[in-house]
Amino acid sequence: MSFQSYRDDPGNPWFSWQYVRDNSDTIAEALREHATLTAEAVVIAALVAVPLAVLAYWIRPLTGPILALSGILYTIPSLALLAFIAPYVGTTRATSVLIALVLYALLLIVRNTLAGLNQVPAEVRDAAQGMGYGRFGRLLRIDLPLALPGIMTGLRLATVSTVALVTVGALIGKGGLGDLILGGFRNNFYRAEIVTGTVLCVALALVLDLVLATAGRLLTPWARRRAS
Amino acid sequence: MIAEDPIQQAVTWLNDPLNWTNPGGVLDRLGEHLWISAAAVALGCLVAWPLGLWLGHLGRGGGVVVMISNVTLAIPTIALLTILPLTFLGFGQRPVIVALAVFAVPPLLANAYTGVREVDPEARDAARGMGLSGLQVLRRVELPLAVPYLAAGFRTAAVQVVATAALASFVNGGGLGQIISAGFGLGIATGGGQILAGGLLVALLALLVEVALAGVERVVTPRPLRRSHGRAARRAASATGGA
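Going line by line, the protein sequences match chains A and B.
So the first sequence is residues 1 to 228, counted in the numbering used here.
So the second sequence is residues 1 to 243, counted in the numbering used here.
So that you can see chain A by itself, here it is in the shape it has in the complex (with noise of 0.2 Å):
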């Protein structure tokens, strides 16, 4: 690294070509960590999430108490969740950051499916019923399919929410971009690395909410073609 030249500029500027350039691997690497933490978390936290709304949804009185005990997790601050974990887990560990963000994520994913799939019309669930399908043949081929808006407001929710709480995870170091954020403050408040990890942070947010937007419009095609 070389700390010398940034040294010799007087100035501490915003934004500057020549630190991108120099640590170019420290910054994909970041950013590689960063995105795979997010994708991990926001994955695992769909697959226990969508199962667990479509228990509350066939099994009425379990609806409060899951929403309940998602929305004590999501009031728990990040950082002491990370606290809980993290003496357990691991310390100097990427998995105790990657549990905090599948508690965090949860929540929205949990809402936004059950609000789905409860705008599933009651008359379309009979339509279902009389044609003779099962329980599990009708939630795979008539309400999750008409749930998909819900499920898809709630995982592009929890990504970008999740992309923005890895940086936490700066504090034990597996921070993906908040190292760099974090690591820019604490060496000489150095404002290009700050600059330059947050904005990637914040362009990794818009993209992955636009591939989502795009994923969910290409799935839903009935969607666009009742709007036009």
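For the record, the hints were derived by calculation from the structure and aren't laboratory data.
The C-beta atom is built at its ideal place from N, Cα and C for all residues, glycine as well.
Incorrect hints may have been included.
Away from chain A, derived, C-beta distances all over 10 Å, residues of chain B [to be verified]:
#, residue
1, G25
2, R223
3, P224
Label pairs and their computed distance ranges (CB to CB) [stated by the list, open to error]:
#, chain 1, residue 1, chain 2, residue 2, range
4, A, Q18, B, D16, 41 to 51 Å
5, B, D125, A, L148, 37 to 47 Å
6, A, L140, B, R139, 46 to 56 Å
7, A, N118, B, G63, 53 to 63 Å
With the hints as your guide, set chain B onto chain A.
Okay, now just chain B, sitting in the frame of chain A:
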């Protein structure tokens, strides 16, 4: 297990009175945490409420309100916490308060806007018919009817700020998060208990604020409006949650 159980350590840590009363102990940090949070929420209200009420009154800017909450959702808290001290705000608590206020704005703004928009158009027409001016309609009709929404937004924002204020410790900004960060600095063998104890304190504070403000929200909501409107307001705010 060779090392002492972290929970045991945490209990020991919490039971040491010096950890509470020392300079930089729990009581000091709690004071800082509450002061930073209160100032941030107050600043957020000062900006978001007039703007939200006014936009709601005009019936314009709904897109802007949604956009603001979407954009702030994507900005990492620690980015603002590290960038603001390097601007004219300088180091210390001031940049922390401003950073937290930025994240308090979306729920406050969205609920103020929705609260005014949800006012029965007939009530507004009646007020107009009685000869009230635009500003009078806002102050005497729309504002009182929007109070349940304002309270819901306040609760969401305050809980979020109290939770996020823990991150101020990343930039040495004080607050209860400082206890957790210091614990991580000590390493897991000696600091494990302190990390857990700090986490417990932060989580308890957030849940306490949530419960207390839920009570306030109930009290300021007129009885006929309680169930359906309260829930609608929470839904309006839900899109902007996150710590």
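Quick one: which hint numbers does this structure break? Sort them smallest to largest.
-> Of the numbered hints, just 7 does not hold.
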